[in-house]
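Please arrange chain B on chain A, whose structure you already have, making use of the hints.
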Amino acid sequence: MAAYGAGFRVWSVPLLTIAVPLGFVVWAFPHGLAPLRAAGIVTGWLGCGLLLVSLLLMLREPRLANWLGGLERMYRWHHVTGVAAYVFLLLHPLALAAGNWQTSRVLAWHTLSPVEESWPVWSGWLGLLLLMIGLAATFTPSIRYGAWRWLHALLGIGVVIGLVHLILLGIDEPVLPILAIAAAILGWRLLRGDLGLGARPYIVATARKLTARSVEIVLRPLADPVTLSTGQFVLVAFRNGPVYRGCGEFHPFTISSIDGDGALHLAVKALGDCTSRMLSIEPGVAARVIGGFGSFLSEVSGAPQLWIAGGIGVTPFVALLNDGRLRHPARLLYLYRREDDATYLRELRQIAATDPNLTLQTIVTGDELPDIEGLLPDARELSGVECYLCGPPGLVGALKQVLSARGVAAQHIHFENFEFR
Amino acid sequence: MMRKLFLASTATFWVIVIGFWAGSALTPVAQQPAVAAEREITAAELASHAKPDDCWMAIRGGVYDLTSYLPDHPSRPTIIEPWCGREASDAYNTKTKGRAHTGEADAMLPKYRIGRFLPGG
Numbered sequence: 107m108a109a110y111g112a113g114f115r116v117w118s119v120p121l122l123t124i125a126v127p128l129g130f131v132v133w134a135f136p137h138g139l140a141p142l143r144a145a146g147i148v149t150g151w152l153g154c155g156l157l158l159v160s161l162l163l164m165l166r167e168p169r170l171a172n173w174l175g176g177l178e179r180m181y182r183w184h185h186v187t188g189v190a191a192y193v194f195l196l197l198h199p200l201a202l203a204a205g206n207w208q209t210s211r212v213l214a215w216h217t218l219s220p221v222e223e224s225w226p227v228w229s230g231w232l233g234l235l236l237l238m239i240g241l242a243a244t245f246t247p248s249i250r251y252g253a254w255r256w257l258h259a260l261l262g263i264g265v266v267i268g269l270v271h272l273i274l275l276g277i278d279e280p281v282l283p284i285l286a287i288a289a290a291i292l293g294w295r296l297l298r299g300d301l302g303l304g305a306r307p308y309i310v311a312t313a314r315k316l317t318a319r320s321v322e323i324v325l326r327p328l329a330d331p332v333t334l335s336t337g338q339f340v341l342v343a344f345r346n347g348p349v350y351r352g353c354g355e356f357h358p359f360t361i362s363s364i365d366g367d368g369a370l371h372l373a374v375k376a377l378g379d380c381t382s383r384m385l386s387i388e389p390g391v392a393a394r395v396i397g398g399f400g401s402f403l404s405e406v407s408g409a410p411q412l413w414i415a416g417g418i419g420v421t422p423f424v425a426l427l428n429d430g431r432l433r434h435p436a437r438l439l440y441l442y443r444r445e446d447d448a449t450y451l452r453e454l455r456q457i458a459a460t461d462p463n464l465t466l467q468t469i470v471t472g473d474e475l476p477d478i479e480g481l482l483p484d485a486r487e488l489s490g491v492e493c494y495l496c497g498p499p500g501l502v503g504a505l506k507q508v509l510s511a512r513g514v515a516a517q518h519i520h521f522e523n524f525e526f527r
Numbered sequence: 021m022m023r024k025l026f027l028a029s030t031a032t033f034w035v036i037v038i039g040f041w042a043g044s045a046l047t048p049v050a051q052q053p054a055v056a057a058e059r060e061i062t063a064a065e066l067a068s069h070a071k072p073d074d075c076w077m078a079i080r081g082g083v084y085d086l087t088s089y090l091p092d093h094p095s096r097p098t099i100i101e102p103w104c105g106r107e108a109s110d111a112y113n114t115k116t117k118g119r120a121h122t123g124e125a126d127a128m129l130p131k132y133r134i135g136r137f138l139p140g141g
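First to last, the sequence lines map onto chains A and B. Heads up: the first sequence begins at 107 in this note's numbering, then just goes up one per residue. Heads up: the second sequence begins at 21 in this note's numbering, then just goes up one per residue.
Excised from the complex, chain B in its bound form:
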């Protein structure tokens, strides 16, 4: 019985993995929306959104409202929450331990983008 469960679950797993790959491969590439009118956000404005229930971060030149994402983040809150209201590119690129975020994180980020960061503003 254990052998049958192993074989059935392994075969089902690979069928579903292939299904996810096919779903992605068959999705037409979306046209990038025009970004000319993107809002500019200064460091001062960014700093005013520095709480877990109102959390913006500047990452690689963009500003992201990550308030709704924070509960989804895998690490404990004390790791990510201190970066609310701050320029967090280094933290994002290295996770403060020299390790990059996953491709899933990169793919997810645009969903939260609200503007362009003006570092000196």
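The shape of chain A in the complex, shown without the other chains:
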């Protein structure tokens, strides 16, 4: 049963990604048309199907995330399906225009031209341009998160206008239910994920400085607490307190420990505007929590383990140690920029001094990516070892590359990198 569940989690998203767009194409396949015109219609439906899958994968529901292999995996596929849909939707008008090229070059341009046209064509262009702007913003990491969220939301509006384009063309039969589903997913995400109707109420009980740029916040539940297991993360939005002004956005935080009364200990590193503000958070601030998400440490095996943490990425390992579950030898490579910037360093040294199963190796990196080749054990030492990586995407990517080159198979490399843009 467990194997069936794991198989479902692995294959659910790839199967959805194939089945939904192909289902649309089979439903609406144009028979008896010239090849380019047929290609134009097929690419439109492939794009439409992939966009619908991409929308589904942006929902922040713990149960759905569990079925689909975790929130982080959903976001990776959300990006892949979104960009693939965009490429198909670019091909759609080009193929339709190319289909008319042989008949007349003027007619081919008329097929594309937004000039002297009407709403059926304008809406198609508007939808495509919104997707273009939204994706351009998505791929510009320098944009501040608050502005980035609004620009990213243009993608959702682009999807709806693209579907309206089909209805204006007179293709209402399969499109109205698709439009209803897309609107329902967008509304669900807005109400439950962004406005927090699906979140549980908590309150900040205490806040303790870990380093100059990080803080541990303890959240006490005001109703039923979220269901969590060790090493999972939650999405939290902080509201206003007596003095503190919360930014109200949901951000991911790993739980470093869970108290018996359901209180959550979150480790927060000041990485952006919103998290920098949290350094001065005070007791009494209301918070809303969605979760838990992630299965990074849910299936820790009995094999020897190599844990590699970059910066605040050490938190899930701290959670595992706080949970008292270390029954097998584990070596923790903890990379941080400066000693005074390393969260939980003192606690980890204390545990390593008393627990013979934990070997702690700390590496001060400065502001540069360290020499990964020199840090990692050789291929012989890595044989039979389960590797767990958590840190910034650049570090995790470099670690995965070196581990693969040293013969560690993909199923023995587990990682989490908190890339939610």
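The set of hints was computed from the structure by calculation and includes no laboratory data. Treat the hints with caution; some may be incorrect.
To be verified - Incomplete in silico selection of chain A near chain B, CB under 7 Å:
#, residue
1, Leu-196
2, Trp-215
3, Leu-488
Claimed, not checked - Computed list of chain A residues with no C-beta within reach of chain B, every gap over 12 Å:
#, residue
4, Glu-167
5, Glu-178
6, Arg-179
7, Leu-197
8, Leu-241
9, Leu-257
10, Leu-260
11, Ala-286
12, Asp-367
13, Pro-410
14, Asp-446
15, Asp-447
16, Thr-460
17, Thr-468
18, Pro-476
19, Gln-517
We put the beta carbon where it would ideally sit given N, CA and C, even for glycine.
Chain B alone, transformed into the frame defined by chain A:
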């Protein structure tokens, strides 16, 4: 990789769009053929071509044999086929929902023209 795919596909898209515009702009305007000898088609003759496999329509004074075009029409067949053999200008102008057809449709229509409509004939 996703970023590179986005940038490459967007740039290629705009290059091809500009190519289509240039292809149209550089095409010499064709001389209109003389239409003096255009065939006159009565309502009775039009009505005898009222099936999907033999479909004529009268639109804005012209008669068009749209048999070969029907499979290309984007909407489902039940929307367009009832207009075979009939005067369909209103349906063409409003798509029965107050929405005009696209410029592409207007540009495509002359290809199917077979004569002039005589409404009272």
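Okay, the hints, checked on the actual structure:
For Leu-196 of chain A, the shortest C-beta to C-beta distance to chain B is roughly 4 Å, which falls under 7 Å, so the interface hint holds. Taken as an interface hint, Trp-215 of chain A checks out: its beta carbon lies about 3 Å from the nearest beta carbon of chain B, inside 7 Å. Contact between Leu-488 of chain A and chain B, as hinted, is not supported at the beta carbon level, the nearest pair being about 27 Å apart and thus beyond 7 Å. With a least CB separation of 24 Å from chain B, Glu-167 of chain A remains clear of the 12 Å interface cut-off, as annotated.
For Glu-178 of chain A, the requirement that its beta carbon stay farther than 12 Å from each beta carbon of chain B is met, with the minimum near 15 Å. Distance check on Arg-179 of chain A: its Cβ is at least 15 Å (rounded) from any Cβ of chain B, clearing the 12 Å threshold; non-interface status holds. Under the 12 Å C-beta cut-off, the non-interface status given to Leu-197 of chain A relative to chain B is violated; the minimum distance is some 8 Å. In this structure Leu-241 of chain A is not separated from chain B by more than 12 Å, as the shortest Cβ-Cβ distance comes to only about 5 Å.
Every CB of chain B is more than 12 Å from the CB of Leu-257 of chain A (nearest about 14 Å), matching its label as outside the interface. Every C-beta of chain B lies more than 12 Å from that of Leu-260 of chain A, the closest at about 14 Å, which supports listing it as non-interface. Residue-level check passed: Ala-286 of chain A sits 18 Å from the nearest beta carbon of chain B, beyond 12 Å. Residue placement check: Asp-367 of chain A keeps its beta carbon more than 12 Å from all beta carbons of chain B (closest about 43 Å).
The Cβ of Pro-410 of chain A sits about 33 Å from the closest Cβ of chain B, beyond the 12 Å cut-off, so the non-interface label holds. Listed as outside the interface, Asp-446 of chain A is consistent with that label: its C-beta sits roughly 35 Å from the nearest C-beta of chain B, beyond the 12 Å cut-off. Non-interface call for Asp-447 of chain A relative to chain B: holds, since the shortest CB-CB distance, roughly 29 Å, exceeds 12 Å. At the 12 Å boundary, the C-beta of Thr-460 of chain A stays outside the reach of chain B, the nearest C-beta of that chain being 45 Å off.
With a closest Cβ-Cβ approach of about 33 Å to chain B, Thr-468 of chain A is found to remain outside the 12 Å limit, as its non-interface label requires. Distance check on Pro-476 of chain A: its Cβ is at least 24 Å (rounded) from any Cβ of chain B, clearing the 12 Å threshold; non-interface status holds. Against chain B, the non-interface label of Gln-517 of chain A holds: every CB pair exceeds 12 Å, the least being about 22 Å.
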